[in-house]
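Undergrad: Chain by chain, the residues run as shown.
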Amino acid sequence: MERVGEVIEASTTEFVAQCYELYQLPPLGSLVKTRDLPVELYGIVYNAATTSLEPGRRPIARGKDEATEEEIYRSSPQLLKLLRSEFNALVVGHRQGDRLYHHLPPQPARIHSFVYLCSPEEVNEFGQSFDFLNILINAHLPVPTEELVAASLRQMSQAYEDRRGFLVAAGKELAILLGGNLNQLKAILGRIRQ
Amino acid sequence: MTQQEENQRLGIVVSGSLNKGVEVKLDSSASIEDIAVGRFVTIEGQKRRFFGMITDVSLGLIDQKLALTPPDVSDPFIAEVLTGTSTFGALHVSPTLAIGGDVATLLEGPQPVKTVPSHFSVVNLASQRDVELVFGKEDKERFWIGNPLDMETKICLDLPELVKRSNGIFGKSGTGKTFFTRMLLIGMLQKSNAVNLIFDMHNEYGWEGSSEEGQRKVKALKQLFPSNVAVFTLDEESSRRRGVSTDFVVRISYDEIEPEDIVLLRQTLNLTEPAVETVHRMHRRFGKNWLQNTLALKDAEEIKELLKELDIHESTFQNLKRGLATIRRLPFIEPHAPTNAVRGILEHLDRGMNVVLEFGRYRDITAYVLVANMLARRIYAQYQERMEKAMAENTAPPTPLVITIEEAHRFLDSQAASQTIFGTIAREMRKYNVTLLVIDQRPSGIDDEVMSQIGTKIAFHLDNERDIDSVLAGVSGKSELKSVLSKLESKQQALIFGHAVPVPVVVRMREYGSAESYKGFIPREEAEAGKQAEKDIEELWE
Ligand SMILES: Nc1ncnc2c1ncn2[C@@H]1O[C@H](COP(=O)(O)OP(=O)(O)O)[C@@H](O)[C@H]1O
Ligand SMILES: [Mg+2]
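Chains A and B, in that order, are what the protein sequence lines are.
Going by this note's numbering, the first residue of the first sequence is number 1, and it counts up by one from there.
Going by this note's numbering, the first residue of the second sequence is number 1, and it counts up by one from there.
Simulated from the structure, these hints should not be mistaken for lab results.
Heads up, a few of these hints could be off.
[To be verified] Pairs of lysine-lysine residues, derived as BS3-like cross-links and limited to a Cα-Cα distance of at most 27 Å, are as follows: (1) B/25 - B/219; (2) B/288 - A/186; (3) B/177 - B/389; (4) B/137 - B/114; (5) B/304 - B/288; (6) B/20 - B/114; (7) A/186 - B/65; (8) B/308 - B/321; (9) B/25 - A/172; (10) B/65 - A/172; (11) B/519 - B/217; (12) B/491 - B/519.
[What the hints assert, rightly or not] Covered stretches of chain A, going by a simulated chain B footprint (3 or more residues, C-beta under 8 Å): (13) 161-173; (14) 179-189.
Glycine included, each C-beta is placed from N, C-alpha and C at the ideal position.
Could you put the whole structure together from the sequences, leaning on the hints where they help?
TA: Next up, the structure:
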């Protein structure tokens, strides 16, 4: 299981993790998890950012005399230490013992918990229930809901042999959840259509 | 049929009431276009299983906005997602029977329902077994008439039960009334314990008639059951020409015609009200020879004298004479007939023979109404007498009799129904062991009260609103059945409801007219009874 970062901020509904390597961010919508037993938390990556390590100090443009982007980093290696990549994950479930729950855990994640990208098998298992869609739709997030929902479904579908079948089933669930919001439904379906 | 088809799931119950039936939301996996009204379903309630018919199919939208801005359904992905969710098929089902689940249905078979299945009960297409449970298997009383829609199961009618009441076969011309009647008569002569008297206006039931296309000849009763059927004819010459083996030539004497018979013909004979009254006066004056005497009046003075005496207007008398002349011109009517048709018919019926009276060339309505009414009236009188005697002396009653008439509205319109023997038979139910089988293409012409006495109705396609309404008058679930009735195919399909069927049912009628079909109608034991019989039957297939 690939480790992608470490929790640096946590609340009941979400956590923020910093990547160990600059730009080594898990993709938007991917399923990640923390593993501090006895409760493992599942999250869906809804936002990511790369910023200056020191708050208030913004990087400045440096490439005027360089031919490629890589050369900027090569000629100023300290840059990798001055910048950081971090991502936010919305908590969508947890595992306690050997049971998987598609609702919020009793406690938030602990700071410095390691964060992993879930394996396809685990994604497959998690995607057996679409309850998480309700959490995604009702969360107030800085990213457009339809983008996030579509991204997470596209990500998850890769863990299924019958990708289309998975997406149709998810689409049907959304059609019911979004019964009163036809425009949003259409926007999502347009982003996951096969 | 495979196990899977046996339990083909359609959807779930989402709302409903006992009066109006239940709404079923179709599963997205079930295609609405495969579902026809008239099909049977079962509903798995919590305590019992319900049996009912699909009476409507509709489309639903979760959000009306979808109708305004339809999604891009040319995209199969979007179409697949939306079917069954935002858009869904809905069925209307009228559950009418409980089949299994509680003690009563286990002990006594299907029971009428007094409640509805609970929310989200699963709805399946009815299996062969379910349909069989409800309609019963073919046996010595149940006769196979056809199949339900899209199923191979046999729908059988309990014939002894059927003939306890008068029954009606309705439908536009060319829908299959005659073909079905032939078949039903075959069933009745084998399984109903009743004998039949058929007034065969178009020469279709006794001996072979042609099918509509004019090519194929279709065998009729006497050819298939020579020892159970006698053909009587009003037109010996026509019968001979058509190669019919007849048993009796019917002649009618003047004195057999009674005023009542003329009253019924008022319209076809163009008689005025006073002319009808004159008939009664003539009858009072001359007794049973009234017709002969009236027709014989020639001498002007004599006529004048009589008219004065009876207080009859000259023009009225002329009107009557013109009408009666039409009757006199009927070749089978004679001053003194050599045979007595009523006695002939009764003798045959008493031997358990079924009698078909064919009209030959005399197919006009005057002849038909006159003869049918006259004979039926007198045969009924005999039955009445015997029945009363049997009751008084505690002896066996006469064999139940079923009288088949076509163009029934001519005898049973609201004016005639109160005057004709057929109106009496229909209203009295089975008091004297006589019931009717009426065939009509214009049921709205039949008196409402008579219609309400009809036990079982077999309704083929009808397109006139008034005809549909009159057939369905007084039936529970009328509006549902109406939508089923108006969707029948134009041939060989009928909605059957009433006394002899546990639930209304749409039947695709059994095929009649091929060699194979005749074999199916003749019970094997009978066919194998003797070499000769077998040979005779083989010849029929040629
Ligand atoms: N049970 C049946 N088996 C075979 N053909 C049938 C059957 N019912 C109807 N038909 C076809 O439909 C035509 C019309 O049927 P018919 O009984 O003469 O109609 P109706 O008496 O209602 O005018 C027949 O000539 C025949 O071709
Ligand atoms: Mg006919």
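Undergrad: Run the distance test for residue 304 of chain B versus residue 288 of chain B: straight-line Cα separation, threshold 27 Å.
TA: Measuring from Cα to Cα gives roughly 22 Å; hence the hint holds.
Undergrad: What's the verdict on residue 25 of chain B and residue 219 of chain B, does the C-alpha distance respect the 27 Å limit or exceed it?
TA: violated, 48 Å
Undergrad: With the threshold set at 27 Å, check whether the alpha-carbon distance from residue 491 of chain B to residue 519 of chain B stays at or below it.
TA: holds, 23 Å
Undergrad: Is it true that the CA of residue 519 of chain B sits at most 27 Å from the CA of residue 217 of chain B?
TA: holds, 16 Å
Undergrad: Verify the proposed pairing of residue 25 of chain B with residue 172 of chain A, using a straight-line Cα cut of 27 Å.
TA: holds, 15 Å
Undergrad: Holds or violated: are the alpha carbons of residue 308 of chain B and residue 321 of chain B at most 27 Å from each other?
TA: OK: residue 308 of chain B and residue 321 of chain B at ~17 Å, within 27 Å.
Undergrad: Does residue 65 of chain B sit within 27 Å of residue 186 of chain A, going by the straight-line distance between their CA atoms?
TA: holds, 12 Å
Undergrad: Is residue 20 of chain B close enough to residue 114 of chain B, meaning Cα to Cα at most 27 Å?
TA: Within the cut-off at roughly 13 Å; holds.
Undergrad: For residue 137 of chain B and residue 114 of chain B, compute the direct alpha-carbon distance and say whether it is at most 27 Å.
TA: holds, 26 Å
Undergrad: Are three or more residues of the region 161-173 of chain A within 8 Å, CB to CB, of chain B?
TA: holds (count 5)
Undergrad: Is the straight-line distance between the alpha-carbon of residue 288 of chain B and that of residue 186 of chain A 27 Å or less?
TA: violated, 88 Å
Undergrad: Keeping to a limit of 27 Å between CA atoms, is the pair of residue 177 of chain B and residue 389 of chain B held or broken?
TA: violated, 37 Å
Hint compliance for this structure: hints 1, 2 and 3 are not met, and every other hint is.
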